[in-house]
Amino acid sequence: MNLVVLPVLLPALTGLFALLILRPSPVRRTLVGISGGLQVALACTLVGLTYTQGPMKVELGDWPAPFGIVLYIDVLAAIMIAIGAVISWACMLYGFFELPTRVTHPLRLPLVQFLMMGINLALVTADLFNLFVAFEVMLLASYALITLEADDWNIKEAFPYLSVNLFSSMLFLAGAGFAYGMFGSLNFADIAQQAELMADDPRVGALGILLLVVFGIKAGIFPLYFWLPNSYPILPAPLAALYAGMLTKVGVYVILRLFGTLLPHEFSGLHLVVAWMGGLTMVLGVLGAVSRGFIRGILSFHILSQIGYMILAIGFFTPFSIAAVIFYNIHNNIVKASLFLVGGTATVLNRTDTLARMGNLWVATPALGIIFLCQALSLAGLPPFSGFWGKLMIVLEGLNLGSGPGGWQFFVLTGLALFTGILTLFSMLKIWLTTFWVRDESIEVHREDRRWKGMTAVVGGMCLLSLTIGFGAQFFIKLSFEASRQLLDKAAYIEFILGPS
Amino acid sequence: MGTALLIAIFLPFAALVILPLAGRVLGPRVGWLALVFPVISAGIIINLALGTESFGQQTVAYTWVPVLGVELSFLVDGLSLFYGLVVSVMGVLITFYAANYLDGHYEFHGRFYAYLMLFMAAMLGTVFANHLVLLFIFWELTGISSFLLIGFLHGEKKSRYGARMALLVTGITGLVLMAGLLLLGIVAGEFSMAALLTAPPTDVPVGLLGGAFLLVAIGSFGKSAQFPFHFWLPNAMAAPTPVSAYLHSATMVKLGVFMVARVYPIFVDLEWWTPLLVAIGFLTMALAAVLAILSHDLKAILAYSTVSQLGFLIGFYGMGGLGGTHYDLLHVVNHVFFKGCLFMVVGIVDHATHTRDLRQLGGLGRRMPLLAVIALLSAASMAGLPGTLGFLSKEYMLKDAFYFAEAGADWRAWYPLALIVLASVLKVAFSIRLFWGIFGGAASPAVKEHFHHPGLLIQLPPLLLAACCLVFGFAPGAIAAFSETLAVGGLHLPGAPEIKLWHGVTRELITSMAIVAAGAVIFALGAATAWRWARIPLPLQFDTGFEAGVERLPKAALNLSRFLRDNKPLDYIPVIGLFLVVFLGGYFAYHWERFEVFDDFSFQEGFHYLRSFVVLLILLAVIGVVALPRWTTQLLSISIVGFLVTFYFVLFRAPDLAMTQILVESATLLLVLLLLSRFPRSAELGERRSPFSPLRKAVNLIVAVGIGGCVGLFSFLTSRQKVDDFAGLWFLERTVPDAKGTNAVNTILVDFRGLDTLFEIAVLVIAVLGAIGLLMRYRRSRQEYAEGALGASGFSVKGVRRRQ
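Protein chains in written order, with my numbering: chain A, 1 to 501; chain B, 1001 to 1804.
Please keep in mind that the hints were generated in silico from the structure rather than gathered at the bench.
Nothing here was measured: the structure is a model prediction, and the numbers come from that model.
It cannot be assumed that every hint is accurate.
[To be verified] Straight-line C-alpha distance at most 27 Å; calculated DSS-like pairs for lysine-lysine:
#1 B:Lys1555 - A:Lys57
#2 B:Lys1500 - B:Lys1399
#3 B:Lys1697 - B:Lys1568
#4 A:Lys453 - A:Lys57
#5 A:Lys156 - A:Lys490
#6 B:Lys1157 - B:Lys1555
#7 B:Lys1158 - B:Lys1555
#8 A:Lys156 - B:Lys1157
#9 B:Lys1697 - A:Lys156
#10 B:Lys1568 - B:Lys1555
#11 A:Lys490 - A:Lys478
#12 A:Lys156 - B:Lys1568
I would like the entire structure built from these sequences, with the hints used as guidance.
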């Protein structure tokens, strides 16, 4: 059995299984939960294997590349799979604690598994059209999930989500068509090889721009992100965490592949534009977060701001900054997801997530407070939490580039990144000062609703993981460097997939 | 040495776990347990300090994140040992004090001491850190622990906002510091402080080095509450008094001063060094003294006087020459003694009378004679009266200012001296006021009502500090020897002149006496008018301004977000489309020449009657979509476009695709018609009553035409320069021999690219599930609709409630 197909196969089978049982029951929960654990174990194995033995691939149906579809896993893909597996598992367990079996929506579990299947396919595929198909799977599942449990007042927010993503799918399809027309192939390695030869053909740049817009919509780059921050808040907490932690980041991953693998590396003009787009996303995203008065709204806007950081570092486009993006991704996904989960727990306790009506939690549940504090400070990039290392790497590279000749733009961008950090801190303080620190007799804390204990325990596990990333940064940064090296080593990629020329 | 130092720094972190748990059992007594940690750290550091006669530099390094070059490395030299001693010994005193101070009236003692130990550990880490990144990490940790301590009494709004202000101000400047340190590291190519100090970077771009200095200086100003960041410190006084005494007078706010001293040898050559530090430092010194005299709250007065003193210390380093300075440690240690002591006194007074307002205090001298003596000594030291350490400090302060003035070229060199004199006069005035206001005169009603006697133990730490003010005031030799031992190369000039109590009648002495006299006069004036005029004018209330700005920020951000139209779903796609058109269209326009679009193109050659006719029909149908008024006809027009496209498939001999297209078109049309016909008529009417504005129509038109143009141009370009070896040709070749099929479309779908098909089928399954999900939705009654949303939606709280 080839390991490469397992990340796609396992969620697919689990989803089918959950669908066939259909009725939510403890047995179904247990089995799906075990499968979630297996997915984590598998993903960690993949990270280990790709790190020590290099990338893996499988040619489906034994049709040789570049004609058949190739699935390919390198360290980057394996890392992303691992993060996805961890987050989806945590969100699943959290969901178990949040809702007793009798009130669970029977379709949630299978749809989440199908969502993971789509995400993992998008991560492992090395074929442009197959990527489109993966996006379709992913998006359809996400459309279904976003409407599944939304109430009658909120469900309208799903409509912009749907329409914008359909629009971007259409553009994606056009882009894939153009790519086929230009290169006569859809295989990543083949496209990369030919794009390298056609580097002075301006059409390659145009294709890059079109695909950047497509993936930018998925990732949420300014000014393409408007659909995101108003639609994510309508999701139930664990799903919002999954969307925030994983689904959106697939966009970042694909942009990494676009610039690292598909396009020639010499597009410095385009890279600079990307960096500025990242910078604007970062600042506008965090300002959006500052403007919101409820936890889900604040966190949803923060997704964008963090995406901005990553896009900025992609725009720097050095091996170091790409490693920074990858590390940032590892850190941020876990932190982001757990913040959503903390928000969900706080909502269960306060019965609302509108900041003006929340309070007393630092006295009622210090454990939740500590978790929130760690993750919020981490999000703002304060040491010694995981976010600090990500920010450190990005700022370091920004200053490094800025010190070079004509690098004032990088100084400005680095300044923006630091400024964003402080605004992030500000918006986290907004949550902390009200939800946790306000002491008001008239605000009830429903501690008797025992669900919060299990929910807190799950988030606590996430928090521990995040602290591990912070204090054991050495391991994760090293991993990111190897991922960055493999991503940018195009010649090896092409030879690995197409065989020696 | 290494292990011992690690224990001293990292052991207090263990308190984070131990103390909150112990606090649940022990209650207020947990303070005595907490005392263990600072005692151990102080013991180790004292032992280190005594262990060697003279310290060069010693570094201890352990690997941490070698891939980024970050290591756990610590630098032990005179400066770090000095600050380490201050932090740990004050830690012992403060913890002892706090154990007496925080009685049963407070809650959460365990948390309090945990924060305090976190702070101490962070401080020790900061002063000993060698690697620049490590230094920053600990630096920020002090800010975080300070935030938690200021907000310890978080039930009160004042505490929460004070904590936020402190964290934001020190956070912003902390990030600036981070940029500065990293830039320094990058420019110098070296991240180890020890190496930077022994070999300051030469031969590097001055602009970048100057930039690094500017950033580091701003970071230090923020932490040390220098103008224009001075306002956060008085607001941090919402913390319990032990915290104010420890963090906000003796240690944390000294970090900026420490940082300036630390980087002294690296940056002192820069042209900017003296002007920047002198200007800001002495301005802060004078301004804060003015603010102190205008305040009535005991802790506010002390806070401003701390700011003033910090301003002096920064300015002092600014005046220092290339070779180094003398007696900076004297000034620091003096401030630690008297200010720590005064804060503790104020805490005791607050505890005993429940007020800190000078206008409501008085007459405590007879009730608390010991405390009065303690306060007298420390206030005298603050005012700089002879016989105290403060006097010596002021003597040398004046001396340096005189030297600086004489050495300077023009009148600007007198700036420090003038401001020092001004600040000192005011300092004398508010020192007298502080002492007299609390202890002198008759007992006020507030005092009579609330007074209860403080214990003896709580007065022990301030007594000790006050005694130090006196003892070292008379025996300055000890301090001199001490600072000689701790001298650091590059910062301190070798062979400092002996500190003497009596220099004869010098100009410093005369000035000093004049200052005391003037201060007394101001106090007398103030007392005569009962300080009625003392109020901080609005333009100087930076904190009010900051708070107003912070409060308005969310609103402004909301307006910005609305301006960008990120809450108007109707605009999402036009915005995306516009961006695409500008970006891609701009790219096409910019590279127009390189595309060679029409180079070998002739309309006659490519012209085809039938195809052009179909294109015309499609165009008509598209215009129909836009122009027709009813949705049914619009829908039909769209359908016509789809059917006409089928024609192309026929033309290119792809009957499978043509059939698929026809089926899809018909099915879609029927389904949508069916669905929409079930919509209430009101929806359609609403659509027609609120037509789009001309502006929106124009934008939509531009976007639509633009996208069409871009995509059309792109497909045109793609089809013009085709590559030779399409994957499709390979599929055609292999269909019969390898895939054993006779229809290439089929073999591609089910064999060559079977995975795509598999997942497209999965997409259909998922879509069906989504539809089922929508159909399963809970149907609300009219009444439920009228009641509005049930609970917090999306978090499924309602789901539970509904079934209960």
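Do the hints match the structure? See the list:
| no. | hint | result |
| --- | --- | --- |
| 1 | B:Lys1555 - A:Lys57 | violated, 52 Å |
| 2 | B:Lys1500 - B:Lys1399 | holds, 13 Å |
| 3 | B:Lys1697 - B:Lys1568 | holds, 16 Å |
| 4 | A:Lys453 - A:Lys57 | violated, 43 Å |
| 5 | A:Lys156 - A:Lys490 | violated, 44 Å |
| 6 | B:Lys1157 - B:Lys1555 | holds, 20 Å |
| 7 | B:Lys1158 - B:Lys1555 | holds, 22 Å |
| 8 | A:Lys156 - B:Lys1157 | violated, 38 Å |
| 9 | B:Lys1697 - A:Lys156 | holds, 23 Å |
| 10 | B:Lys1568 - B:Lys1555 | holds, 18 Å |
| 11 | A:Lys490 - A:Lys478 | holds, 20 Å |
| 12 | A:Lys156 - B:Lys1568 | holds, 12 Å |
The structure is inconsistent with the numbered hints 1, 4, 5 and 8, although it conforms to all the rest.
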